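Engineer: Take the sequences, apply the hints, and build the full model.
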Amino acid sequence: MVALARSIDTLGFMLKNAREFGPFYAIWIGDNPIYVVSDPALAHEILVERASEFHKADLVKEAVGRFAGNGLFTNEGDFWRRQRKLAQPAFHHHRIEAYAAIMVQQTLDLLATWRDRESIDMAEEMTRLTLGIVNKTLFDVDVRSQADHIGELMKVILSNANDRINGYDPVWGRIFKTKDRREMNAIRELVEVIDGIIENHRQRGEDRGDLLSMLLAARDEDGNPMSDQQLRDEVITLFVAGHETTANALAWSFYLVAQHPVVEARLLDEGASLTGEMLTLRDLAQLPYSDQVVKEAMRLYPPAGGITRQPIHDIELGGYAIEEGSMITISTYVMHHDPNLYPDPERFDPERFTPENEAKLPKQAYLPFGGGPRICIGNSFALMEARLILMTVLQRFQLELPASQKVRAEQLFTLRPKGGLKMIVNQRAPRAA
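Everything in the sequence shown is counted per numbering that gives the first Met the number 0, starting at 0 for the first residue and increasing by one.
Hints are computed from structural coordinates only; laboratory data are not their basis. Please read these numbers as outputs of a predicted model, since none were measured by experiment. Please note: incorrect hints may appear among the correct ones.
[To be verified] Pair by pair, the computed Cβ-Cβ distance ranges are:
(1) Glu355 / Phe20: 31 to 37 Å
(2) Val190 / Gly324: 27 to 33 Å
(3) Asn184 / Gly418: 21 to 27 Å
(4) Glu269 / Asp206: 50 to 56 Å
(5) Glu205 / Glu323: 44 to 50 Å
By construction, the Cβ of each residue, glycine as well, lies at the ideal position given by its N, Cα and C atoms.
Structural biologist: Structure representation (structure tokens):
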């Protein structure tokens with residue numbers, strides 16, 4: 000057992016504790032323990048074998064529920080199964096294939112705004128891009144003109160959610176309520192955007208084959224449509240989850256590739272045989288290395304640093320008695336940096352994710368999208384999107400990191416580059432016809 004210390008480097012703190020105390024230990028906050036797990040076998044037990052004995056942590060549900068209500072991320076039980084069943088068809092393979100052209104075209108539109116030798120913030124650019132893609136593919140609306148403003152709203156909302164989860168509540172915040180006011184204003188503005196998307200669909204009336212059309216048409220066993228509040232909650236949940244994690248995965252992928260010219264050269268060589276101007280979903284079958292690169296980037300920098308659960312009754316876990324309602328955090332970041340699972344874990348090595356090597360990993364040793372029944376509904380969507388964007392960008396631009404820049408990961412609900420990620424974009428010569 001260790002006492003919790005307020006640490007600037009939360010990720011380093013978690014790694015240090017795991018190396019000192021092992022893959023299952025407890026942090027105490029007052030009289031309340033938080034159990035930290037980085038053992039794949041225990042993670043498999045929690046997420047898969049005994050999934051029905053756990054629910055998402057109340058603290059996380061409360062923090063996320065402030066902006067996402069009772070959406071897929073926060074709801075439980077039969078209601079969650081009903082909502083998941085309604086949303087699942089939007090992520091079936093045949094529908095995702097239709098999204099690929101939108102992903103590539105929106106990437107090309109963004110690249111048309113880049114200038115040779117220009118310095119950009121890659122984290123912001125990827126947020127802007129993935130925000131546009133998720134809204135066009137899942138909701139059939141174009142919000143690119145609002146992307147920067149929406150991105151700022153999301154920073155405020157997710158920052159406050161993260162602080163609430165971590166119990167960070169400075170005295171001046173409690174006195175002046177400035178953070179709460181900023182958060183509530185940001186949520187109100189985001190809700191206005193979402194309500195506009197929903198109203199746009201209702202006015203046009205037709206089924207456009209996107210997720211929102213499906214949710215609007217959905218009926219329960221009694222023939223009743225989804226309530227306006229539930230519809231809003233689901234749209235906000237997918238709105239946030241559908242772009243934030245992929246944007247960060249891409250930013251980290253570009254950051255890593257820029258430091259490894261051999262990896263970059265192999266990606267370009269793999270794509271050289273493709274003849275079309277625009278990548279397609281079918282092209283990805285000829286680009287297996289892009290899959291390895293993105294997966295390795297998400298190992299080093301998992302979209303979410305941890306997965307939280309609470310047992311619904313007293314249980315035994317790992318030989319210890321755990322009381323009902325105790326907080327359990329599966330530390331994805333620590334697990335992904337465990338030298339027993341990933342030798343030389345700080346090294347960027349896409350060879351870890353060849354089909355042969357990936358198959359050797361223990362169950363639940365790799366959790367970028369969670370695991371078990373509640374694995375991210377859009378994991379295939381996100382991985383396809385990341386690979387298409389990665390290759391589309393690299394075929395047209397060589398990326399360079401400024402020499403003076405120091406890049407650190409920051410756990411801000413998702414794992415993102417602290418203060419952004421500056422990169423210099425160098426335009427490549429057009430490919431020969």
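Engineer: Decide, hint by hint, whether the structure agrees.
Structural biologist: Consistency of the hints with the structure:
Checked against the hint of 31 to 37 Å, the pair Glu355 and Phe20 passes, with Cβ atoms roughly 33 Å apart. Taking the beta carbon of each, Val190 and Gly324 are about 31 Å apart, inside 27 to 33 Å as hinted. In this structure the hint that Asn184 and Gly418 lie 21 to 27 Å apart at CB holds, the actual value being about 23 Å. The beta-carbon spacing between Glu269 and Asp206, approximately 38 Å, falls outside the hinted interval of 50 to 56 Å.
A hinted range of 44 to 50 Å for the beta carbons of Glu205 and Glu323 is consistent with their spacing of about 49 Å.
Of the hints listed earlier, the one the structure fails to meet is number 4.
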